[in-house]
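Novice: The chain contents come next:
2 protein chains.
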Amino acid sequence: MNDSRRLGDCLDGQRFWEDVQSLASIGALHPKGIRRLALDAQDNQARLWLAEQGRALGCEAYYDDLGNVFIRRAGKDSSRAPFLIGSHLDSQPQAGIHDGALGVVAGLAVLRTLHDQGIDHLHPLEVVAWTNEEGARFVPGASGSSWFAGQRDYHEIASSLDDSSIRFSDALADCLDLLKEHGLTYRPKPFTPHAFLELHIEQGPVLETLGKPVGVVSGIQGVNWYEIEVKGQANHAGTTPLQARRDAFDSAHDLVSALKAAVFDQDDDLRFTIGKFSVWPDSVNTIAQRATFTIDLRHPSQTVLDALDARFHDLTKCQWGGCDVTLKVTSRVAPVAFPDSLLDVLHECARHYCPDTPELVSGAFHDAIHLAHVCPTAMLFTPCRQGLSHHPDEHIEREDAEVAARVLTDAATSLLG
Amino acid sequence: MNDSRRLGDCLDGQRFWEDVQSLASIGALHPKGIRRLALDAQDNQARLWLAEQGRALGCEAYYDDLGNVFIRRAGKDSSRAPFLIGSHLDSQPQAGIHDGALGVVAGLAVLRTLHDQGIDHLHPLEVVAWTNEEGARFVPGASGSSWFAGQRDYHEIASSLDDSSIRFSDALADCLDLLKEHGLTYRPKPFTPHAFLELHIEQGPVLETLGKPVGVVSGIQGVNWYEIEVKGQANHAGTTPLQARRDAFDSAHDLVSALKAAVFDQDDDLRFTIGKFSVWPDSVNTIAQRATFTIDLRHPSQTVLDALDARFHDLTKCQWGGCDVTLKVTSRVAPVAFPDSLLDVLHECARHYCPDTPELVSGAFHDAIHLAHVCPTAMLFTPCRQGLSHHPDEHIEREDAEVAARVLTDAATSLLG
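Protein chains in written order, with the numbering used here: chain A, 1 to 417; chain B, 1 to 417.
Bear in mind the hints are in silico, worked out from the structure with no lab data behind them. Quantities reported herein were computed from a predicted structural model and do not represent experimental measurements. Heads up, some of the hints might be wrong.
Because identical chains cannot be distinguished in the list, a pair is counted as satisfied if it fits within a single copy or across any two copies.
Taking lysine to aspartate or glutamate pairs in the DMTMM-like style, the calculated list, with each CA pair at most 25 Å apart, reads [claimed, not checked]: (1) Lys231 to Asp254; (2) Lys276 to Asp254; (3) Lys260 to Asp306; (4) Lys276 to Asp324; (5) Lys231 to Asp393; (6) Lys231 to Glu208; (7) Lys32 to Asp120; (8) Lys276 to Asp306; (9) Lys317 to Glu60; (10) Lys76 to Asp393; (11) Lys180 to Asp170; (12) Lys76 to Glu399.
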């Protein structure tokens with residue numbers, strides 16, 4: 001394989017796109033989109049579809065205690081840790097066809113290419129579909145990957161109830177029974193992979209804006225979530241002079257101005273969002289007694305997050321307009337930086353197809369955030385139109401996805417040894 | 001009656017306070033407060049109580065087509081227009097005992113004083129209780145006074161439904177039957193009073209802050225209500241860079257800053273309140289697609305209201321942060337200025353009991369706002385603790401209310417001729 005032609009160039013783009021459409025027919029909505037909620041019949045059908053595709057290529061199909069499915073192409077040394085490529089098959093209730101699915105199909109395309117070209121490799125290669133990444137039916141998400149990576153406890157996951165009070169463990173039991181029936185091999189325990197690569201749609205506007213078909217993801221942002229409550233005194237809007245007020249809305253508004261100023265000259269990687277805001281009693285002619293709002297704060301640097309966290313705590317220590325303020329940190333997720341060694345491989349592979357491949361930080365969580373705790377992990381992004389996702393109108397350009405899949409193929413070749 | 005002793009000095013404060021407590025026993029809540037919803041059994045009982053008190057003083061008791069009750073003390077010239085004193089008997093669902101009731105009892109105290117002192121006067125004096133001032137059960141309020149003053153149509157009022165779908169006209173019919181049964185005289189039509197005076201608790205903090213037992217009310221603020229909607233684009237809080245957003249919350253926040261700046265250096269009479277604020281989809285990790293809020297704007301000057309109205313329209317003409325903005329005026333009520341001639345009388349009378357009686361603008365609506373359209377009208381305020389009203393904890397100091405009732409008595413004497 002010389003520099004002018006790589007394994008990725010041999011990937012059958014037509015077959016890849018057919019696989020995308022085949023998978024999209026499972027749980028299809030009309031006129032477009034899919035609904036494959038974690039461990040429902042369609043999600044399970046998608047597991048069986050994957051196993052079937054794999055077995056047609058001579059791969060073995062495995063499942064573990066969380067219903068994660070792996071299709072394994074043997075390596076020259078079966079004692080070596082498998083190199084994993086994959087993503088998730090489950091979806092949001094009214095979803096596009098590419099979120100998660102594209103990464104699984106891309107892994108399948110790598111398998112097909114190795115098979116078609118008769119390539120041997122040292123490490124085994126396994127294409128994986130992680131259970132319940134979305135957290136739409138059972139909260140929280142990333143069940144399969146977080147358990148596999150030892151980040152979350154089985155019993156905590158198993159006891160989750162969906163909106164109809166169906167227990168995760170019951171839905172899981174049905175899934176495992178089905179997989180067993182269809183001859184997948186039970187391999188219950190997690191293991192430490194050689195590495196993990198995940199291809200995913202960007203779900204943001206950057207690649208589309210830059211006109212690039214692929215991006216190398218350097219890591220996943222850390223996220224802090226806050227709830228802030230401002231307590232004033234309700235009163236009559238007509239009779240109470242402005243200077244005699246303890247107006248929770250007005251004070252919250254001023255506090256938000258100060259918070260916005262605190263994040264103002266941060267770099268382009270910062271995400272600061274006030275997505276929820278409520279006042280009580282929420283009456284046109286009553287001064288607000290209480291105002292509450294949330295902050296979603298993201299950045300790839302823990303140092304930046306910590307500094308802003310300290311600043312938010314300072315700002316909310318004092319009263320605002322005579323109102324008491326309380327700040328609660330409701331969630332903290334540390335940023336994850338993917339290892340430079342993997343990023344270098346991805347850049348080198350991408351260069352063959354796409355000059356000046358951008359590097360991005362992921363603003364959304366993916367299964368990769370958990371795998372990063374146990375093995376070298378990285379991601380590739382491919383653009384989706386207007387960054388729209390979690391919606392049937394989610395759309396990608398076939399040519400972009402093919403490029404990303406080709407890059408993935410070459411990176412796999414490099415890492416499989 | 002020389003300058004050192006006035007009729008108001010003869011008012012029986014003990015009897016006045018006993019009347020306050022007697023009326024408060026009708027519709028009493030435990031441990032405190034009242035519930036007398038418009039045209040309910042307790043509200044009707046209160047009408048009968050008033051009629052009974054009046055008849056014991058030799059007054060005639062009348063009712064009209066809206067259930068307004070009048071107790072009439074004959075004047076020397078029965079052809080002259082009656083001078084009215086009064087307020088309302090109905091209350092909020094969980095109310096204090098003084099809102100409205102105090103003004104009716106004060107009118108009764110004036111009657112008692114004239115009767116006890118054997119004073120004759122030219123114009124008839126009628127103490128009135130207006131139907132449904134509060135608008136708590138049937139919306140909107142001020143039914144009796146607005147109809148009486150030709151400001152609102154009977155059929156519009158009559159067709160109002162309460163939360164249990166009981167029609168106003170049906171509840172009214174029961175009330176009128178009861179009044180007829182108890183021998184009140186049916187006097188269906190409105191008339192033009194000689195003048196109208198209303199004593200009411202301030203429901204604001206000014207008099208208490210100034211340490212004054214009474215205030216002369218110069219008029220009622222005009223009020224404009226607005227609804228503003230900001231429309232952006234919902235998106236993922238993690239993946240969307242700050243500069244690529246059309247964030248409806250962020251834009252609404254900036255717009256509110258500009259609106260606050262527009263009213264910033266107005267005088268102390270201004271009231272500017274954002275009491276309602278909502279975002280949609282109201283999710284911690286989603287950029288707001290839509291933000292809506294209300295403005296309650298009050299001032300005693302139409303000129304000031306018009307200038308700010310024009311400024312608000314200008315500010316909301318353009319986009320904010322790439323988001324579209326719409327402004328809707330949902331209500332406009334013109335300010336009412338009470339006539340100087342009446343204010344002079346009230347100041348003169350107040351001076352005898354309270355040096356430097358303050359002059360205030362009313363921030364709340366009262367029956368007087370409608371009577372002002374048909375006859376010389378004015379109000380007196382008396383303080384309530386912390387301005388709290390519409391709550392069983394509403395509290396007045398007996399001495400303050402007595403002073404206000406004495407001022408009312410002397411003003412009545414002056415106006416009755």
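Novice: If a hint holds in the structure, say so; if it doesn't, say that too.
Specialist: Status of each hint after checking the structure:
Within a single copy, Lys231 and Asp254 get their C-alpha atoms as close as 14 Å, and across copies as close as 22 Å, so both meet the 25 Å cut-off. Taking the shortest alpha-carbon separations for Lys276 and Asp254, both the intra-copy value of 16 Å and the inter-copy value of 16 Å come in at or below 25 Å. Proximity of Lys260 to Asp306 under the C-alpha cut-off of 25 Å is restricted to the intra-copy arrangement: shortest distance 16 Å within a copy versus 33 Å between copies. For the identical chains of this complex, Lys276 and Asp324 are neighbours both inside a copy (19 Å) and across copies (20 Å), given an alpha-carbon limit of 25 Å.
Taking CA atoms no more than 25 Å apart as the test, Lys231 paired with Asp393 passes between copies only; the shortest distance there is 20 Å, against 42 Å inside one copy. In this assembly of identical chains, the alpha carbons of Lys231 and Glu208 lie at most 25 Å apart only when taken from different copies (24 Å versus 44 Å within one copy). For a Cα distance limit of 25 Å, the shortest separation of Lys32 from Asp120 qualifies neither inside one copy, at 39 Å, nor across copies, at 87 Å. When the C-alpha separation of Lys276 and Asp306 is checked against a cutoff of 25 Å, the pair qualifies only within one copy, where the shortest distance is 22 Å, while the shortest distance between copies is 34 Å.
In this assembly of identical chains, Lys317 and Glu60 lie within 25 Å of each other by CA distance neither inside one copy nor across copies; the values are 59 Å within and 64 Å between. Taking CA atoms no more than 25 Å apart as the test, Lys76 paired with Asp393 passes in neither setting, with 43 Å inside one copy and 84 Å between copies. In this homomeric assembly, Lys180 and Asp170 come within 25 Å of each other (Cα to Cα) only inside a single copy, at 15 Å, whereas the closest approach across copies is 71 Å. Proximity of Lys76 and Glu399 under a CA criterion of 25 Å is satisfied in neither setting, with 33 Å inside one chain copy and 100 Å between copies.
Of the numbered hints listed earlier, those contradicted by the structure are 7, 9, 10 and 12.
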